[in-house]
Amino acid sequence: MPKPVPVPDELSKPFWDAVNEQRLVVQHCAACDRRQYPPERVCTECRSGDRLEWIPTSGRARIIGYTVMHDSRVRLLQADQPFNIAVVALEEDPAIRFFSHLPGTPADEVPVGATVEAIFPELSPTQRIHEWQVVR
Amino acid sequence: MATPTPVAPASVYREEVGLGIWEHRGKVAVAGMGHSPTNRRWDGKPETSMGAYAILAIRNAMEDAGVSPDQVDGLIVVRAGTTGDAWAPRPIPEDFAQTYAHTDNIEDGLTTLSVEWLLQNMPELTNVSCVMHTRSDCMSNAVVLTAQIVGDGLAKCCLVVKGWANPEGRYGHGGANALAVAPGASQWTMPFGMVSGIPGTAFGFEQYCRRYNTSHDRVAPFVVNQRRNGLLFPEGFYAQHEPYQLTVDDYLQTRWISKPMSLHDCDRPIQTAGAYLFTTAERARDMKQRPVYILGHSSQRWTNRSSIQTLDEIEASTDLMARKTYEASGLTAKDIDVFNPYDGYALFTQYYLEAFQWHGVRRGEAHDFYGDDIRVEGPHPFSSSGGNNGNGRTRFWMHTDCIQQLRGQAGARQIRLKAETAISGGPTPGGADWTVWSSSPD
Ligand SMILES: [Zn+2]
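Each protein sequence line maps, in turn, to chains A and B.
Quick note: the first sequence, position 43, residue 43 per the working numbering, numbers continuous.
Quick note: the second sequence, position 362, residue 362 per the working numbering, numbers continuous.
FYI, nobody ran anything at the bench for these hints, they're computed from the structure.
No residue lacks a Cβ here, since even glycine has one placed at the ideal position from N, Cα and C.
Hints are not guaranteed to be accurate.
[Stated by the list, open to error] Quick look at which bits of chain B chain A covers, simulated, 3 or more residues with Cβ under 8 Å:
1) 144 to 156
2) 255 to 269
3) 306 to 314
4) 429 to 436
[Said to hold, decoys possible] So the derived list for chain A, only partly shown, Cβ under 8 Å to chain B, looks like this:
5) P6
6) S12
7) P38
8) W54
9) T67
10) V68
11) M69
12) S72
13) V87
14) A95
15) F98
16) S100
17) V112
18) A114
19) P125
20) I129
For reference, chain A alone in the conformation it holds in the complex (with noise of 0.2 Å):
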């Protein structure tokens, strides 16, 4: 489904250039060794800044819940409602979470626990994104 395209910024733009490769990658704090997303200037739990690092995923990853949009504010998504949006749980790590549409799963039909793995389809000639997808 059609979706507004991320714009990458100095802070996000090794994400989304990951994401690019198709692979997910998030910030990890080599001071207290805690992963982060989404990334940030410093370690919000430290706050330090020069520890950060991108670090790879699984790319795995658990439903912890849902909702079904039927009324977005969002302009280019209203063509697809109703439509999912879930909550992932990355499996090594449940507190780093994602947002999904959940593409294949029809809408307010999410398995919550099932597990999903990150796909990456791609929203503009130059950009894709990091999408979730229910293991069968």
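The hints should help you fit chain B with the ligand onto chain A, whose structure is shown.
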């Protein structure tokens, strides 16, 4: 060039756990309150503009307290007046421009307020020396700030005002949300449709329903009762303009916005303003109304661990709110007669009820409680204001109701149980400010 009005320093907000009893407990009181009429939309006339309504609310608050304008020495203003669109790029209506002095912010009086705009247009406020803008955009934030300012001795007779504007247009459907790109913070949310408080609140509520084996339909008695209380609230929108009872069927049959959130879980934006007058406990005793004292206040700012506040985080955050609020006042749940937590969205009110454990309600029990007798006449007069859902979006009805209940002026809404202590606050489980009120300073 005058110095700009300061924004409240972070230090006035009691955010830490362990601060103990509020240092000004019982030494600050609210002595006056005032409201303007309500309207669903602005009709474009100067006299119904948000600015005009704010002036009217302030004058009504002074009148209520029996205070003359020259006695007022403090003015606290919430700047933002809309959760939706700004007035610009529309031109300033000519009538409005001719009626009111303007500041360098063209939104002032239309969709924002400022100390500068009010002082220019209220020349009778001749002795105001303490002025401040709030840190966040709710009356709950303004109330705790004003209580602290008066307690600290920075003002002795302090007005606080919040206006709401609702110009034509559908909230949040233009601007950035109409674009094909998602820059800045929106790159993480907008592509997925996680925009506004709606889908996030629906997500938290969906988690709640699974954790506690409950369902959306069990919120119906609460929302219906909110409207019932609203119809008993003459200052509110529904009592003034749509005096019909919402039914359980209405609630169950309305459309989904973001399932499991439906239309009647959302409050309706209106055009209105409200003001309170705070003073020292000493001075309040010589004023027109029976004083309502402040026993304590607290503030909460939660930082999400990741993309969204989960139910675990909602419960942790609201537990902290309750703990700090009770700690500040020295009261416990069983001491609280009137409880008015925020309801705009109806789907997060249960978190506050369960965190504060009002009438013994614990985690997962709120929907059972909603099915009990929560009418103002009954044994559990929960949210006696009717809140935003019962009166239109202002985020201040809950404070007004606490004051009226403790004064014994709530009319048909007056609870039949004793009303000597009250708690009100909001807005969200991630960030809220709470006030404890009492008919006695002790
Ligand atoms: Zn760190």
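Verification of the supplied hints:
1. Only residues whose beta carbon comes within less than 8 Å of a beta carbon in chain A count, and the segment 144 to 156 of chain B has 0; fewer than three means the coverage is violated.
2. Coverage of the segment 255 to 269 of chain B by chain A holds [criterion: at least 3 residues with CB-CB distance below 8 Å; count 7].
3. Remark: the segment 306 to 314 of chain B is confirmed as covered by chain A, as 5 of its residues place a Cβ nearer than 8 Å to a Cβ of that chain, reaching the required three.
4. With 0 residues bearing a CB less than 8 Å from a CB of chain A, the segment 429 to 436 of chain B misses the requirement of three and the coverage assertion fails.
5. With a least beta-carbon distance of about 4 Å to chain B, the hint placing P6/A at the interface is held under the 8 Å criterion.
6. Because the closest C-beta pair between S12/A and chain B is about 6 Å apart, less than 8 Å, the hint holds.
7. Annotation: P38/A was flagged as interfacial toward chain B, and the flag holds, the nearest CB pair being 4 Å apart, inside 8 Å.
8. The beta carbon of W54/A is not positioned within 8 Å of any beta carbon in chain B (closest approach about 16 Å), and the interface hint is therefore violated.
9. Using the Cβ-Cβ criterion of 8 Å, the hint placing T67/A at the interface with chain B is satisfied: the shortest such distance is roughly 4 Å.
10. Taken as an interface hint, V68/A checks out: its beta carbon lies about 4 Å from the nearest beta carbon of chain B, inside 8 Å.
11. Annotation: M69/A was flagged as interfacial toward chain B, and the flag holds, the nearest CB pair being 5 Å apart, inside 8 Å.
12. Evaluation of the S72/A hint against chain B yields a held restraint, the C-beta minimum of about 5 Å falling below 8 Å.
13. Annotation: V87/A was flagged as interfacial toward chain B, and the flag holds, the nearest CB pair being 6 Å apart, inside 8 Å.
14. The criterion of a C-beta within 8 Å of any C-beta in chain B is met by A95/A, whose closest approach is roughly 5 Å, and the hint holds.
15. Annotation: F98/A was flagged as interfacial toward chain B, and the flag holds, the nearest CB pair being 6 Å apart, inside 8 Å.
16. Given the 8 Å rule on beta carbons, the hint for S100/A holds: about 7 Å separates it from the nearest Cβ of chain B.
17. Interface hint at V112/A: satisfied, since its Cβ lies 7 Å from the closest Cβ of chain B, which is below the 8 Å cut-off.
18. With 8 Å as the threshold, the beta carbon of A114/A stays out of range of chain B, its nearest partner Cβ sitting at about 14 Å, so the hint is violated.
19. Interface hint at P125/A: violated, since its Cβ lies 13 Å from the closest Cβ of chain B, which is beyond the 8 Å cut-off.
20. Restraint check, I129/A versus chain B: the minimum CB separation of about 6 Å is within 8 Å; hint holds.
When held up to the earlier numbered hints, the structure conflicts with 1, 4, 8, 18, 19 and fits the remainder.
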